[in-house]
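Undergrad: Sequence:
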Amino acid sequence: MKKYQGYGKIVESTKAWILDKKDNNIISKTQWVVTEKIHGANFCFVCDQNGNRVRCGKRRDFLDDVEDFFGYKKILHENKPKIQMVFNSLKKESTSEVYIFGEIFGGKYPHEEVEVINVLPVQTGIWYCPDIKFYAFDAALVCQDGKQTFVDYGVAMEAFKHAGLLYAEPLFVGSYKKALEHPIGFNTTLPSKFGLPLLPGNKAEGVVIKPITEIIVKTNKGEERAIIKNKIAEFAEDERYDQSVKKNTTMNGVISSLDLLRFEIQSLVNQNRVNSSISKIGVVLRDDKSKILELLAMCVEDVVDSIKYNNEEVYDAMDGCDRNILHEEISFACKKVIAKHFKNQ
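Taking full-length UniProt numbering, the leading residue of the sequence shown gets 1, the next gets one more, and so forth.
Note that these hints are calculated values from the structure, not bench results. Just so you know, these numbers come straight off a predicted model, no measurement behind them. Keep in mind that a hint or two might mislead.
[Stated by the list, open to error] Quick list of the computed label-pair ranges, beta carbon to beta carbon: (1) Ile117 <-> Gly320: 15 to 23 Å; (2) Ile10 <-> Ser175: 18 to 26 Å; (3) Lys9 <-> Ser192: 40 to 48 Å; (4) Asn25 <-> Ile117: 34 to 42 Å; (5) Gly164 <-> Lys218: 48 to 56 Å; (6) Glu78 <-> Leu285: 20 to 28 Å.
Think of the CB as a built atom: it goes at the ideal place given N, C-alpha and C, for glycine as much as any other residue.
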């Protein structure tokens, strides 16, 4: 079986991008698209064997037959013919697999005129529809040598539309500068696609901003795709609205790397982080100890990744002892928030 190639994390800031004049010219001349970010669980379809086989995956792994990841088998049954159509639209002579990345969402719509369906919601706080649905937002091709290449989003959209898949339609298409200025805090557009009555104050989680044609940017950690997300404060996994590091000093104006990053823990460990981690591994019940440990590991890893991304030089300069202390404090903070999560259930 070929290695699973999941979807990378979308950054909330471009500060790690290393851009030269040529890069800036490409970014400024390219058309950018703004789409609604869905509050759900990362999910993908992988189509191979010349379009005859369709498998499903979560953030990092293929799903197996005994796993019940938000009732994904129903999603597979509903979408398999459409995924095969996308495969046939996008495949090239060297293509061995096509990945269709997206989000599964829904499961509750609290409106008196809408029938209640007996399913667990993927996420709460934003309401989309009473049943679980799939929302496509990216596609990638894998060649015989195993190399994965993302499809230009303009091309992917045409394939999704042709197949009848629900997908991330543009809220705006235009310059990079205008795309970055696109407002957030608007009501989600998804319920109207299902003909549902609107709910007041049902805000979208945020937006995703990316180029119509693929752009790869350099960072100190290697190359990454030029994609940015911008979420409303209520759903931010970093509770600092501007994501700035808190300023603090000791009596002589010097603060250690460990103390500086401790401020990050306060901002990054929260209920939204727990919700995000659950969306990556599936439903977690309070009496399922192995799943709770998996949730803890996911939360800790996610927080560490955010700290490293936001404070690369500070983190890299820490000695091993301080780094171990930091990780232990992150784990302790995550345990507290997870315990509170289950206490409030």
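Undergrad: Which of the stated hints cannot be reconciled with the structure, identified by number in ascending sequence?
TA: 1, 3, 4 and 5
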